[in-house]
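Q: Here's the letter readout for the chains.
Number of protein chains: 2
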Amino acid sequence: MGERGILIVVSGFSGAGKGTVMKEMMRRYDNYALSISATTRKPRPGEEDGREYFFKTVEEFEKMIAKDELIEYARYVDNYYGTPKSYVQEQLDAGKDVILEIEIQGALKVKEKFPDTLLLFVTPPTSGELRRRLEGRGTETADVIDSRMKRAKDEAEGMDRYDYLIVNDVLEECVGLVHQIIQGEHRRSYRNVAFIERMKEELKGE
Amino acid sequence: MGERGILIVVSGFSGAGKGTVMKEMMRRYDNYALSISATTRKPRPGEEDGREYFFKTVEEFEKMIAKDELIEYARYVDNYYGTPKSYVQEQLDAGKDVILEIEIQGALKVKEKFPDTLLLFVTPPTSGELRRRLEGRGTETADVIDSRMKRAKDEAEGMDRYDYLIVNDVLEECVGLVHQIIQGEHRRSYRNVAFIERMKEELKGE
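Chains as they are written, first to last, in our numbering: chain A, 11 to 216; chain B, 11 to 216.
Hints should not be assumed to be uniformly reliable.
Copies of the same chain look alike in the list, so a pair counts if it works inside one copy or between any two.
Cut-off 27 Å, straight-line C-alpha distance, at most; resulting in silico cross-link-like pairs (BS3-like, lysine-lysine) [what the hints assert, rightly or not]: (1) 163 to 121; (2) 210 to 163; (3) 214 to 106; (4) 163 to 66; (5) 52 to 119; (6) 163 to 33; (7) 119 to 95; (8) 106 to 160; (9) 77 to 33.
Derived by calculation from the structure, the hints in this document are not laboratory data.
Can you make the complete structure from the sequences, with help from the hints?
A: Structure (structure tokens):
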């Protein structure tokens with residue numbers, strides 16, 4: 011059952027801890043693959059093509075857009091960021107569940123194109139806790155924190171468009187829960203059409 | 011989150027082992043309640059009103075139908091069987107996930123009335139295994155086994171109407187999986203409207 015992987019989009023408030031959850035998922039279980047984005051921004055020291063990002067020229071990137079080779083893409087400041095289809099398809103075909111970490115606009119676009127996509131939204135238990143986590147980083151100015159909180163307010167409007175709500179309170183529990191949810195999703199009837207058809211055929215022959 | 015219980019309908023082929031799975035669920039976890047059916051059939055020795063069944067007269071049962079006090083009901087041979095609303099509601103309100111073990115027609119009726127109902131279908135991995143289990147009981151005649159297999163063929167036509175497909179191969183794993191699926195379902199966005207609304211309100215006040 012469920013030989014093919016599931017495409018999973020993870021979004022969440024900045025400060026919800028989704029990066030940490032994903033990192034821990036990859037460390038703990040071996041059936042997940044993190045999608046690697048393509049970007050036109052320059053590699054930073056230590057970054058490797060095909061590991062952090064697929065680094066592309068603007069021309070290459072726009073060719074990918076034209077050839078419909080991206081699941082979704084967006085332009086931030088002066089750079090393109092997008093999700094190459096080929097890598098995701100390869101991993102799904104190999105039976106891996108592929109995790110995409112993107113924001114809500116991209117998430118909804120992906121779901122529209124691929125309705126079987128699983129949308130997960132990671133949130134801290136309260137908005138107070140969100141602020142505490144942002145402040146706790148100690149690297150952000152008050153202005154940056156305020157603008158993140160304002161953005162969270164906007165993003166919250168889209169929470170109910172996600173399939174599952176992941177409250178990240180205790181990291182260990184949260185990671186286990188996300189894993190359980192994905193494993194459970196593999197048992198959805200509509201993801202097991204081949205099994206159902208085989209069973210029907212077998213029973214007809216009985 | 012998920013303070014209210016979920017109504018769960020479990021169906022499956024006769025011989026799939028759903029009774030055993032349910033019994034083990036009740037033994038292992040304490041957040042589930044098995045729904046108790048009402049019936050007009052006479053209690054058998056050792057059966058207790060309110061434990062195996064709620065025993066009713068035909069008049070009482072028909073009054074329950076008239077007053078819409080049953081989630082679903084059916085007539086087998088000369089007896090009524092049905093699921094009283096009040097008991098299920100009480101358990102759901104108390105935060106218990108309530109499990110109903112009924113066949114496919116009833117399952118679809120319940121889902122129609124209560125769209126939040128979770129429909130689980132329990133099946134052995136193959137039809138050959140189904141036959142082996144029925145034969146392995148050693149209590150059924152060849153005719154009874156054949157009629158069960160024929161019924162399974164009809165029931166298989168409805169498998170894809172269920173939310174999840176539970177392949178009961180190794181009992182222990184199957185029980186854990188059903189538990190995980192139900193726990194995961196508690197995190198569905200549409201089951202957490204109150205949490206989402208609270209979060210939106212809090213973020214507006216930030």
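Q: For every hint, state whether the structure bears it out.
A: Hint by hint, here is what the structure shows:
When the C-alpha separation of residue 163 and residue 121 is checked against a cutoff of 27 Å, the pair qualifies only within one copy, where the shortest distance is 22 Å, while the shortest distance between copies is 35 Å. Proximity of residue 210 and residue 163 under a CA criterion of 27 Å is satisfied inter-copy only: 7 Å between copies versus 49 Å inside one chain copy. In this assembly of identical chains, the alpha carbons of residue 214 and residue 106 never lie at most 27 Å apart, being 33 Å within a copy and 39 Å across copies at closest. Taking CA atoms no more than 27 Å apart as the test, residue 163 paired with residue 66 passes in neither setting, with 33 Å inside one copy and 55 Å between copies.
Only within a single protomer do residue 52 and residue 119 lie at most 27 Å apart by alpha-carbon distance; the minimum there is 26 Å, versus 58 Å between protomers. For the identical chains of this complex, residue 163 and residue 33 are intra-copy neighbours only, at 26 Å inside a copy versus 45 Å across copies, given an alpha-carbon limit of 27 Å. Taking CA atoms no more than 27 Å apart as the test, residue 119 paired with residue 95 passes inside one copy only; the shortest distance there is 14 Å, against 41 Å between copies. When the C-alpha separation of residue 106 and residue 160 is checked against a cutoff of 27 Å, the pair qualifies neither within a copy, at 36 Å, nor between copies, at 37 Å.
Taking CA atoms no more than 27 Å apart as the test, residue 77 paired with residue 33 passes in neither setting, with 32 Å inside one copy and 55 Å between copies.
Against the hints set out earlier in the document, violations occur for numbers 3, 4, 8, 9.
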